[in-house]
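**Student:** Chain residues, written in single-letter form:
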Amino acid sequence: MELLTINNVWMMICTALVFIMHLGFSTLEIGLARSKNTINILFKNVCIITGGLLLYALAGFNLMYPGDFNGFFGFAGFGLEAPIKDGALDLAYNEGYTYWTDFLFQGMFAATAATIVSGAVAERAKLETFLVFSVVLVGLVYPIAGSWHWGGGFLAEMGFYDFAGSTLVHSVGGWAALVYIAFLGPRIGKYGGDKPLEGHSIPMAAIGVFLLWLGWFGFNGGSVLSAEPGATSYTLVTTCLAAATGAVVAIITSKITSGSLDVTMALNGILAGLVGITASADSVSITASIIIGAVSGVLVVLGVLLMDKLKLDDPVGAVPVHLMNGIWGTLAVGIFREGSSVGTQLIGILSYGAFVVAISVVLVLILKATMGLRVSPKEEVEGLDIHEHKMSAYPDLLDD
Amino acid sequence: MELLTINNVWMMICTALVFIMHLGFSTLEIGLARSKNTINILFKNVCIITGGLLLYALAGFNLMYPGDFNGFFGFAGFGLEAPIKDGALDLAYNEGYTYWTDFLFQGMFAATAATIVSGAVAERAKLETFLVFSVVLVGLVYPIAGSWHWGGGFLAEMGFYDFAGSTLVHSVGGWAALVYIAFLGPRIGKYGGDKPLEGHSIPMAAIGVFLLWLGWFGFNGGSVLSAEPGATSYTLVTTCLAAATGAVVAIITSKITSGSLDVTMALNGILAGLVGITASADSVSITASIIIGAVSGVLVVLGVLLMDKLKLDDPVGAVPVHLMNGIWGTLAVGIFREGSSVGTQLIGILSYGAFVVAISVVLVLILKATMGLRVSPKEEVEGLDIHEHKMSAYPDLLDD
Amino acid sequence: MELLTINNVWMMICTALVFIMHLGFSTLEIGLARSKNTINILFKNVCIITGGLLLYALAGFNLMYPGDFNGFFGFAGFGLEAPIKDGALDLAYNEGYTYWTDFLFQGMFAATAATIVSGAVAERAKLETFLVFSVVLVGLVYPIAGSWHWGGGFLAEMGFYDFAGSTLVHSVGGWAALVYIAFLGPRIGKYGGDKPLEGHSIPMAAIGVFLLWLGWFGFNGGSVLSAEPGATSYTLVTTCLAAATGAVVAIITSKITSGSLDVTMALNGILAGLVGITASADSVSITASIIIGAVSGVLVVLGVLLMDKLKLDDPVGAVPVHLMNGIWGTLAVGIFREGSSVGTQLIGILSYGAFVVAISVVLVLILKATMGLRVSPKEEVEGLDIHEHKMSAYPDLLDD
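Residue numbers (this note's numbering), protein chains in the order written: chain A, 1 to 400; chain B, 1 to 400; chain C, 1 to 400.
There may be inaccurate statements among the hints.
[Stated by the list, open to error] With the C-beta cut set under 7 Å, the calculated list includes, among others, these residues of chain A facing chain C:
no.: 1; residue: Glu2
no.: 2; residue: Leu3
no.: 3; residue: Leu214
no.: 4; residue: Phe217
no.: 5; residue: Leu261
no.: 6; residue: Ile286
Simulated from the structure, these hints should not be mistaken for lab results. Note that the structure is predicted; figures quoted are calculated from it, not measured. Yeah, the Cβ is synthetic: ideal placement off N, Cα and C, and Gly gets one too.
Generate the whole structure from the sequences, applying the supplied hints.
**Tutor:** See the structure below:
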């Protein structure tokens, strides 16, 4: 009983920390977008965490953890149904947390995948279309895919390993983002314009990254699923060292490639290191965590350059951060973790990639044909805030 | 001993989370006010949390928890006096927390009531007058009223129930705000001006609401007064579901009433849901928590419209969020909670309303006659920051 | 085992709270500097927390806690080496936390000293030079000096007492800052210019101070080194009361000295109170904590005036906040703490002062002769962001 109480306290704190990542994503995205689209981004992020949590309560949780199932798809029914014993909550559910903590912790995770897409399609995607896409992603794609590993499905049985979601969360969001932006096209002026499209508030972006790092204490620390002192504290150390190394190496790499000391690359390096270590934070050596972070730091800088070469416009760098480093982190499990193999990890990566890409392509094509993916050029140039929301984010500062 | 240690850790974390609500209120209020009054709002909020905590240490704590008393008014003496046994802190004080945690958790709550008023009177209230009002509110009104229920007074004995303060905290602040703005009058240009008075930074407002939601993990989660795993985690789930539902329903409602996708209404919907569920978060069903949040989401949108119809100028929507939903949440206890009755809840609501309104009216009339409630029209038009503080919040951004 | 688990949960939370102080320092510093140097400050702060953590893992931790040593200098070897027993982490390391929690908590502390310097030298210091200085400060000076007391060195044996680092953290950073700015000289236009140099975003500064106060829950609360309920909760109360008193007294003092209600002084008063109580938060009376905070509130206001009289340009007030109140807080231990003496406290203060000043002077002279301390006047006037980083913090808001 006391052990459950301790464990549950830790898990509730981790839940709060993952919750605050949604604020981190919000300020990161608005900071890296232009001021005229700020309200639109905030609106999307509010919809994702609120609607996402309700969807997860309605169906997601029971799709992701269906109990006994065929390993590919199972559903335990709509709504939440707590285990009851003698008229009270059955605390024997798990020694690490109660049923309710389990739901809320997982629910805070779920919306993350859609948030990743949100940043990538910022500044030109039609709001309603994006919301429909998100509903399918959070309500169906993410939990079904999640069930394959964390729900005890076929990848769990094969020995695939992804500790806290380099693939299950970050790559899933990253694949969906990649498909979406490929069909959506770049922002007007992004390629061939007079001057680069820049974010409007680097301090907001920095606040976002620090809050995301803070949230990762819960994202990875909570993925231990108990407060076991050795495992949780070790996980926090590998997590923080990978983040730190990611930043330092991204600074050096971008200094080499661009010649300047780029703070957005430093910030992206932190996120890249965090995404990279997420698959293995509990089970690789300290040295390995630093190597993983270092590779992430290189990858994210080259990834941003690659995206621009391919003319795939991703205002916040979601694909380099979440997809490329999600893949790298999952592969790194095969390299550095005892008992894991690169082959099995690859099967997992490809399974998730194929599933998410296939569904996303079909879905985006349907949405394109029906609702339309993009706002009008006029709306895009004048800003989504005024058109879709009839508001400005800084009426006073910009007009007076 | 171990159980006390766990419980106390949880309660200290909740205390920290309630503390950070003061930052949330601060950024919400400045975001929804014009930039020329930013310093003034920050100054008020710093005074409230610092002065409020000292007042609560000096007298509030012992007014709110007077021990055995007549049920209406009691006072256990000035200052803090910890229970000592054998020369050390007596840990038998409570199995959920120590004396010191108890004081600090309650102290962080106390200042909240004044903060609610602060937002409502923003942009035209005289600073010194408001501070005097706040001293009386935090130092006397809030703790005396609190003692009636949480201190074991007459409402506790009648079976009135308010889990974490829909009435004791939010309505108390809301009633005081309503009285204050009724006598204060609207801002110049609010009614009949050329263009609407808009907040100057929606991102700041969004940061505020996310921090308030985070803080509510501690506000409601800590109101369990221990880390009991079932009760705490269940409380967090109902709290988050009501917040999520409040946002979604407020978005739909405001889309219907105004035709646009209003992010400030989405944010207010989150707060409305949180205030609504606060009275019953531990003891209503999941379905009820969603219904409570949904009603809150409608109420807050209609409440803002109603205030404008009545020409009651409330820049941050404090009355719709805290008073209207505080009342709704307290009534909802009678509807959805086993063993509670709408009648008893109504008696509680009316008792608090009558007491706070009566004292506020008297106090505001005295202050109006002596110190004056409003700044001069010149000061108001040019901004309180320059006049009362000789500073600008963004000297550089606004002047260069 | 259960007790270790609880304690370790508390210590991990405190680690996360100290981590978020780095965001607090970042937004405080950018808020109090001009917008044209924002990127530069953020870049420095990202380097400090990431590079600092890696340095502390590489050498700092084993310099600060060398085990048995001569009391002045010891080194337990490069890298982290966890105690292993029977192939697993030896949990008998400490009943308050695991080896990994210990490292991470101390690592989050370590970078703080450099951050203090960062604020003081803002807006004119050459980035690379500052980073070299920081490497020596975080990698050598701070941990060696720290070993004298917390590592069990000669000051520990003399009975010197500094609970959570008024001297070991704050004065160390403060002395280094004082030396650096003495050689660096003031910003162009600071003395004798047409108008005062003002910070560009007071809301950012306010966010910073609230986050720092939040972080201090972990800074002081975690310095108990376990979750012992009486000690941790008492520490939080003295910490918060000193912060509150510092603010209230700084408001009154600055009202007297300058005639206006200065919100930056209110914010600095909070920090001053926090720094002041840090040496004794666990072991002085409530009354003493309020007196300590009150003196801090006076000191910080007078300190800012004194710095200006001496033409020592310190844009964020780092020396008044961290050095002057660090010294005051350490002396206050001798006055208010049973068993401590002012004499021994003075010896400690002077030992740290002499060591940090001596090394800083030598280091700054070498750096001045080799790399140069300041950017060119052209760079300073046009802003470090454009020159060193080829970016602007608010491209959109400032240019459109």
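**Student:** Now, for every hint given, state plainly whether the structure supports it.
**Tutor:** Do the hints match the structure? See the list:
1. The beta carbon of glutamate 2(A) is positioned within 7 Å of a beta carbon in chain C (closest approach about 5 Å), and the interface hint is therefore held.
2. The criterion of a C-beta within 7 Å of any C-beta in chain C is met by leucine 3(A), whose closest approach is roughly 6 Å, and the hint holds.
3. The beta carbon of leucine 214(A) comes within 5 Å of a beta carbon in chain C, closer than 7 Å, and the hint placing it at the interface holds.
4. Taking 7 Å as the C-beta contact cut-off toward chain C, the hint placing phenylalanine 217(A) at the interface holds, the least distance being around 5 Å.
5. With a least beta-carbon distance of about 5 Å to chain C, the hint placing leucine 261(A) at the interface is held under the 7 Å criterion.
6. With a cut of 7 Å, the hint placing isoleucine 286(A) at the interface with chain C holds, because the nearest CB-to-CB distance is about 6 Å.
Every hint from the earlier list agrees with this structure, and none is contradicted.
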